[in-house]
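Peer 1: Sequence:
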Amino acid sequence: MVVRYILAVSVLLQFTAAFLALKLIRVTGRRAAWILIAAAILLMAVRRSITLYRLASGHVLLQPDPTAELVALVISVLMVAGIAKISSLFLSIKQSEEALRESEEKFRGLAEKSPNMIFINMKGRIVYANEACQEILGYRREEFYSPDFNFLSLIAPECADLVKANFERHAKGREVPPVEYTLITKEGKRIVGLHTTKLIRYEGESAVLGIIADITERKRAEEELRRVNRGLKMLSAFNQTLVRTMDEPSLLRNTCRVIVEVGGYRFAWIGFAESDEEKTVRPVAQAGYEKGYLDTVHIVWSDTEQGRGPTGTAIRTGKSIVCKKMLTDPRYSPWRSEASERGYASSIALPLIARDQTLGALNVYAREPDAFDSEEVKLLVELADDLAYGIMALRTRAEHERSEKALKTAWQELKSLDELKSNIITNVGHELRTPLTIANSALELASDEEDPKEKNMLLKMAENALSRQNIVVENLIEAASMKPHKMKLPPAPVNMDQIITLVCDEFIRTLKKHDLTIELRVEKELPLVKADNTKLKLILRNLLENAIKFNKKGGKIVLNARKKDGVVEVCVRDTGIGIPKDG
0 MVVRYILAVS VLLQFTAAFL ALKLIRVTGR RAAWILIAAA ILLMAVRRSI
50 TLYRLASGHV LLQPDPTAEL VALVISVLMV AGIAKISSLF LSIKQSEEAL
100 RESEEKFRGL AEKSPNMIFI NMKGRIVYAN EACQEILGYR REEFYSPDFN
150 FLSLIAPECA DLVKANFERH AKGREVPPVE YTLITKEGKR IVGLHTTKLI
200 RYEGESAVLG IIADITERKR AEEELRRVNR GLKMLSAFNQ TLVRTMDEPS
250 LLRNTCRVIV EVGGYRFAWI GFAESDEEKT VRPVAQAGYE KGYLDTVHIV
300 WSDTEQGRGP TGTAIRTGKS IVCKKMLTDP RYSPWRSEAS ERGYASSIAL
350 PLIARDQTLG ALNVYAREPD AFDSEEVKLL VELADDLAYG IMALRTRAEH
400 ERSEKALKTA WQELKSLDEL KSNIITNVGH ELRTPLTIAN SALELASDEE
450 DPKEKNMLLK MAENALSRQN IVVENLIEAA SMKPHKMKLP PAPVNMDQII
500 TLVCDEFIRT LKKHDLTIEL RVEKELPLVK ADNTKLKLIL RNLLENAIKF
550 NKKGGKIVLN ARKKDGVVEV CVRDTGIGIP KDG
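Quick note: the sequence shown uses numbering that gives the first Met the number 0, first residue 0, plus one each step.
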């Protein structure tokens with residue numbers, strides 16, 4: 000009876016195990032394996048069912064062993080429990096796979112709609128790239144997924160080592176913080192991306208999930224803001240220089256220095272427009288990395304090939320000229336090689352215009368192409384305008400200082416002339432009063448004199464005095480004709496020795512008549528002087544006449560002529576009483 004119960008339970012359990020095995024076909028999808036297992040279990044169940052039937056009908060010849068049947072029952076129980084457990088595990092796996100599939104579908108849905116570039120890198124190969132990767136980088140998915148595609152080809156050379164180091168850290172199971180890389184698109188365009196990467200499991204293997212945010216515009220805006228701030232600092236520093244600098248050369252040098260040191264530019268120089276036949280641009284100040292650049296280039300502002308560059312055009316047209324790419328701009332071809340060697344990539348030429356006059360140009364060079372945006376150009380134009388104003392202000396100040404100095408000099412000359420006038424008036428008064436006094440006295444005596452002989456002598460004395468006065472008047476008229484602004488001294492060489500001898504010979508009879516002697520002390524080999532021969536004779540005659548007139552009888556006249564401090568000095572001395580200070 001017990002054996003039949005054991006057999007019945009075993010049969011029930013085996014049919015249950017077979018049912019569970021068949022159910023696993025749907026769960027696992029492995030039809031053949033589970034059909035074979037279910038068939039084997041069903042055969043065991045059928046065998047037990049036949050044994051149970053024979054035992055119940057009494058047709059069994061040999062009674063089953065209770066122990067063996069009990070073991071078979073335990074095996075059936077374990078079989079059902081095992082298959083049930085396997086079924087539960089496979090069901091859980093299937094649910095996980097479905098959840099994972101749904102998650103992947105959601106991920107792909109979100110990734111495809113994301114404006115950021117999202118990719119999965121597995122062992123150096125890209126196994127997933129979203130739509131943004133295609134749009135921004137310019138590659139198709141098939142190109143990304145190709146075994147020959149090198150992920151590092153997307154990375155700018157200067158960032159390649161950093162990217163390799165980060166992937167090596169990921170390979171060691173370590174996380175990497177977000178970092179900025181520069182990417183290169185299929186067309187060669189450079190973009191800046193903020194890269195965030197995480198270690199994930201993808202299709203059962205370790206992989207790297209990457210999210211790249213294109214921050215090119217943000218970086219450009221930041222750089223533009225930095226440039227504007229730098230430009231404002233440069234303009235502020237220049238304004239301080241403009242206020243504090245007192246001379247033009249220092250202003251020009253300091254302006255170039257501020258542009259390079261504060262503005263951060265590679266090189267700056269200022270050239271003035273010359274009015275020569277070639278219309279040359281003359282460099283007057285510079286700062287920065289020049290290395291002989293201005294010595295190797297020849298710049299003019301005429302409408303010729305050499306004058307159609309940025310500098311010449313800016314001076315000729317009065318407009319700012321921006322050269323965004325020196326390597327390709329045809330206007331810069333004559334100077335491209337020298338500029339490239341010195342790291343100049345872009346430039347701007349700004350005319351220096353003041354009072355409707357173009358003085359020259361301010362030239363600024365940058366290391367990078369496209370360096371001069373609209374805001375930067377505005378700041379530099381303002382600086383150039385202020386510089387031109389400052390140049391003219393300093394020139395006006397210098398002109399005022401020169402005028403003031405000339406005025407002071409003129410005042411001193413006028414003062415000296417006034418003193419000379421006073422002296423001349425004093426001397427002339429003496430010259431005029433003396434003959435008049437003599438003539439007046441002689442005439443008064445003659446009017447009272449009864450002796451004809453004495454009277455004639457007094458009249459002769461008055462006549463001689465008046466003759467001397469006539470000579471004085473003639474000399475004054477001659478001297479008046481020798482005004483500084485009317486005197487013309489042609490650059491003709493004059494032999495002073497001959498002039499002195501000639502004039503002295505004219506006075507030989509006069510000297511004998513007045514019982515006077517003259518001594519000439521003329522230095523040998525006097526140099527020739529550039530002067531007016533006639534005026535020199537007149538001056539010497541006047542000096543000798545005065546020496547004769549006011550000398551005493553038996554007196555002496557000494558004429559000295561010598562070299563002194565690069566000139567010839569002539570001095571006439573006599574033994575007369577001279578002119579009193581109060582005369």
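Hints listed in this document are in silico derivations from the structure and should not be mistaken for laboratory results. In this text, a Cβ means the ideal position worked out from N, Cα and C, and glycines have one as well. Honestly, I wouldn't trust all of these hints.
What the hints assert, rightly or not - Simulated restraints on C-beta separations: (1) Lys93 / Pro146: 30 to 38 Å; (2) Arg330 / Gln356: 46 to 54 Å; (3) Arg173 / Leu69: 35 to 43 Å; (4) Ser274 / Lys218: 44 to 52 Å; (5) Ser274 / Lys523: 46 to 54 Å; (6) Ser152 / Lys218: 15 to 23 Å; (7) Thr395 / Lys523: 52 to 60 Å; (8) Ser466 / Pro492: 32 to 40 Å; (9) Gln356 / Lys562: 45 to 53 Å; (10) Leu35 / Ser56: 28 to 36 Å; (11) Arg173 / Gly291: 33 to 41 Å; (12) Gly291 / Ala491: 44 to 52 Å.
To be verified - Each computed DSS-like pair below joins lysine-lysine, with the alpha-carbon atoms no more than 25 Å apart: (13) Lys122 / Lys197; (14) Lys536 / Lys563; (15) Lys459 / Lys552; (16) Lys323 / Lys185; (17) Lys563 / Lys459; (18) Lys512 / Lys563; (19) Lys218 / Lys377; (20) Lys185 / Lys218; (21) Lys555 / Lys523; (22) Lys323 / Lys218.
Peer 1: None of the hints should be skipped; say for each whether it holds.
Peer 2: Do the hints match the structure? See the list:
1. Lys93 / Pro146: 30 to 38 Å: Given about 32 Å between the Cβ atoms, the range holds.
2. Arg330 / Gln356: 46 to 54 Å: violated (25 Å)
3. Arg173 / Leu69: 35 to 43 Å: violated (58 Å)
4. Ser274 / Lys218: 44 to 52 Å: About 47 Å separates the Cβ atoms of serine 274 and lysine 218, which means 44 to 52 Å holds.
5. Ser274 / Lys523: 46 to 54 Å: 51 Å Cβ-Cβ, so the 46 to 54 Å window holds.
6. Ser152 / Lys218: 15 to 23 Å: holds (22 Å)
7. Thr395 / Lys523: 52 to 60 Å: holds (55 Å)
8. Ser466 / Pro492: 32 to 40 Å: holds (37 Å)
9. Gln356 / Lys562: 45 to 53 Å: holds (50 Å)
10. Leu35 / Ser56: 28 to 36 Å: holds (32 Å)
11. Arg173 / Gly291: 33 to 41 Å: violated (52 Å)
12. Gly291 / Ala491: 44 to 52 Å: holds (50 Å)
13. Lys122 / Lys197: holds (14 Å)
14. Lys536 / Lys563: holds (20 Å)
15. Lys459 / Lys552: Within the cut-off at roughly 19 Å; holds.
16. Lys323 / Lys185: Holds, at about 24 Å.
17. Lys563 / Lys459: violated (46 Å)
18. Lys512 / Lys563: Answer violated: lysine 512 to lysine 563 is near 34 Å, above 25 Å.
19. Lys218 / Lys377: holds (21 Å)
20. Lys185 / Lys218: holds (21 Å)
21. Lys555 / Lys523: Cα-Cα ~22 Å, so holds.
22. Lys323 / Lys218: This hinted pair holds, its Cα atoms lying about 20 Å apart.
Violated hints for the displayed structure, listed by number in ascending order: 2, 3, 11, 17 and 18.
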